[in-house]
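Participant: Listed below, chain by chain, are the residues.
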Amino acid sequence: PMPIYRCTIPQASVSDEHKEQIALEITRIHCEACPGTPQRFVHVVFEEVSPGNGFCGGQRSKASLVHGTIRGGRDQPVRSGIVTEISRTWSKITGQSEDDILALVIEVPAGNVVEGGAVMPEPGQEAAWLAEHSAS
Amino acid sequence: PMPIYRCTIPQASVSDEHKEQIALEITRIHCEACPGTPQRFVHVVFEEVSPGNGFCGGQRSKASLVHGTIRGGRDQPVRSGIVTEISRTWSKITGQSEDDILALVIEVPAGNVVEGGAVMPEPGQEAAWLAEHSAS
Amino acid sequence: PMPIYRCTIPQASVSDEHKEQIALEITRIHCEACPGTPQRFVHVVFEEVSPGNGFCGGQRSKASLVHGTIRGGRDQPVRSGIVTEISRTWSKITGQSEDDILALVIEVPAGNVVEGGAVMPEPGQEAAWLAEHSAS
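If you read the sequences in order, they're chains A, B and C. Its first residue numbered 298, the first sequence is counted upward by one per residue in the working numbering. Its first residue numbered 298, the second sequence is counted upward by one per residue in the working numbering. Its first residue numbered 298, the third sequence is counted upward by one per residue in the working numbering.
Accuracy of the hints is not assured; some may be wrong.
Heads up, the list lumps identical chains together, so a pair's fine if it works in one copy or across two of them.
Unchecked claim - Derived SDA-like pairs (lysine to any residue); straight-line CA-CA distance at most 25 angstroms:
| # | residue 1 | residue 2 |
| --- | --- | --- |
| 1 | K359 | W426 |
| 2 | K316 | G349 |
| 3 | K359 | R371 |
| 4 | K389 | E344 |
| 5 | K389 | S431 |
| 6 | K389 | E419 |
| 7 | K316 | W426 |
| 8 | K316 | A425 |
| 9 | K389 | G370 |
| 10 | K316 | T334 |
| 11 | K316 | L427 |
| 12 | K316 | P348 |
| 13 | K316 | A428 |
| 14 | K389 | E329 |
| 15 | K389 | G369 |
| 16 | K316 | G355 |
| 17 | K359 | G413 |
| 18 | K359 | A407 |
| 19 | K389 | A330 |
| 20 | K316 | E429 |
| 21 | K359 | S431 |
| 22 | K359 | E429 |
Derived from the structure by calculation, the hints contain no laboratory data.
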């Protein structure tokens with residue numbers, strides 16, 4: 298359950314078709330890295346920034362920024378792996394250079410999150426939580 | 298002082314009247330859970346996501362995402378309680394199922410925050426801070 | 298490398314010229330506080346909130362919210378200093394009262410971030426990382 302990936306991009310820099318592919322790939326990458334997370338819990342949101350509103354080094358920005366919020370409790374290699382693969386896959390889909398892609402994940406304790414009306418389970422306890430949640 | 302609740306919603310999924318009610322209720326829920334926080338310090342922002350920009354499990358999303366940023370130092374039951382009550386109240390106001398609502402809070406150390414030109418007090422020290430802040 | 302400063306402002310409350318000045322100043326403030334961070338890695342994004350979408354204490358908000366995401370590992374005075382100076386500088390540029398400005402920074406472990414296809418270095422190890430990164 299839960300991750301949210303917010304993608305902040307320059308206006309019209311990514312086509313609708315590529316957005317859909319990116320959303321599917323981020324969902325796949327997250328679920329493979331975090332077994333037990335159902336795909337339907339992975340949220341991906343694109344936010345388009347108009348030219349006068351995005352800066353990098355004080356200049357107009359070409360960068361795509363992916364800001365993930367995931368449950369805490371994953372090992373460091375898992376977290377590094379997720380952002381590395383998101384950057385690589387984004388570049389492959391869009392043709393953008395990885396120099397213009399920044400991906401990061403912020404961790405939040407499971408107890409700080411409610412989805413479907415229930416406080417999130419710790420990583421690894423999804424099966425029991427989903428069974429209970431579906432029953433209610 | 299300080300909390301920011303960012304609500305990311307599908308475009309036109311919440312009416313202006315419901316937004317106002319949600320803003321008032323989030324403000325109330327936060328201030329009751331965190332005594333000493335004046336209502337005027339609670340920020341609520343709605344962000345509308347157009348159909349091609351929001352995904353869940355790789356499909357078009359119906360979800361409402363509430364992302365709170367609060368000062369660190371609250372007990373876990375307080376944090377779980379805030380997000381639980383926000384989800385329940387959101388559903389009651391809008392009629393949306395809690396299955397389509399995700400609420401979370403991220404904590405930030407008080408020393409990382411400035412409001413009104415002054416670094417935030419730790420939780421529980423608001424009264425002294427407000428007295429000093431108002432005098433300056 | 299890396300910081301992202303997201304500025305959430307009431308619609309049309311900051312001119313294009315002031316946005317550019319703010320982006321340059323946030324870049325300068327961050328790089329002076331965190332030596333070794335090249336200016337071209339500092340991202341500043343403005344997000345405009347329409348009147349019915351921004352609330353403070355349940356009322357229409359006039360507030361400007363600056364939400365920074367920086368690598369972990371900076372001392373508390375550095376973090377407090379960054380947000381204090383951003384608030385002061387924003388007020389000086391725009392003429393807005395600091396009462397209507399909130400600035401905060403959230404820390405993220407370097408290992409949770411990829412930019413230019415490479416996992417971020419810890420603070421203080423930027424020179425080696427940049428040398429290696431430029432060579433690749």
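Participant: If a hint holds in the structure, say so; if it doesn't, say that too.
Facilitator: Now for the hints, and whether the structure bears them out:
In this assembly of identical chains, the alpha carbons of K359 and W426 lie at most 25 angstroms apart only when taken from different copies (22 angstroms versus 41 angstroms within one copy). Proximity of K316 and G349 under a CA criterion of 25 angstroms is satisfied in both settings, with 22 angstroms inside one chain copy and 8 angstroms between copies. With identical chains, the CA atoms of K359 and R371 are never at most 25 angstroms apart, being 31 angstroms at best within one copy and 28 angstroms at best between copies. In this assembly of identical chains, the alpha carbons of K389 and E344 lie at most 25 angstroms apart only when taken from the same copy (20 angstroms versus 28 angstroms across copies).
When the C-alpha separation of K389 and S431 is checked against a cutoff of 25 angstroms, the pair qualifies only between copies, where the shortest distance is 20 angstroms, while the shortest distance within a copy is 37 angstroms. For a Cα distance limit of 25 angstroms, the shortest separation of K389 from E419 qualifies neither inside one copy, at 33 angstroms, nor across copies, at 27 angstroms. Taking the shortest Cα distances, K316 and W426 never come within 25 angstroms of each other, neither inside one copy (31 angstroms) nor across copies (31 angstroms). Within a single copy, K316 and A425 get their C-alpha atoms no closer than 33 angstroms, and across copies no closer than 35 angstroms, so neither meets the 25 angstroms cut-off.
Taking the closest pair of Cα atoms, K389 and G370 never come within 25 angstroms of each other, the shortest separation being 29 angstroms inside a single copy and 32 angstroms across copies. For a Cα distance limit of 25 angstroms, the shortest separation of K316 from T334 inside one copy, 21 angstroms, qualifies, whereas the shortest one across copies, 31 angstroms, does not. Taking the closest pair of Cα atoms, K316 and L427 never come within 25 angstroms of each other, the shortest separation being 29 angstroms inside a single copy and 30 angstroms across copies. With identical chains, the CA atoms of K316 and P348 are at most 25 angstroms apart both within one copy (19 angstroms) and between copies (11 angstroms).
In this assembly of identical chains, K316 and A428 lie within 25 angstroms of each other by CA distance neither inside one copy nor across copies; the values are 32 angstroms within and 33 angstroms between. In this homomeric assembly, K389 and E329 come within 25 angstroms of each other (Cα to Cα) only inside a single copy, at 19 angstroms, whereas the closest approach across copies is 35 angstroms. For a Cα distance limit of 25 angstroms, the shortest separation of K389 from G369 qualifies neither inside one copy, at 28 angstroms, nor across copies, at 29 angstroms. Proximity of K316 and G355 under a CA criterion of 25 angstroms is satisfied inter-copy only: 10 angstroms between copies versus 27 angstroms inside one chain copy.
Only between protomers do K359 and G413 lie at most 25 angstroms apart by alpha-carbon distance; the minimum there is 13 angstroms, versus 37 angstroms within a single protomer. Taking the shortest Cα distances, K359 and A407 sit within 25 angstroms of each other only across copies (22 angstroms), while inside one copy they are farther apart (34 angstroms). For the homomeric pair K389 and A330, the shortest alpha-carbon distance inside one copy (19 angstroms) is at most 25 angstroms, but the shortest distance between copies (35 angstroms) is not. Proximity of K316 and E429 under a CA criterion of 25 angstroms is satisfied in neither setting, with 34 angstroms inside one chain copy and 31 angstroms between copies.
In this homomeric assembly, K359 and S431 come within 25 angstroms of each other (Cα to Cα) only across copies, at 19 angstroms, whereas the closest approach inside a single copy is 43 angstroms. Proximity of K359 and E429 under a CA criterion of 25 angstroms is satisfied inter-copy only: 23 angstroms between copies versus 45 angstroms inside one chain copy.
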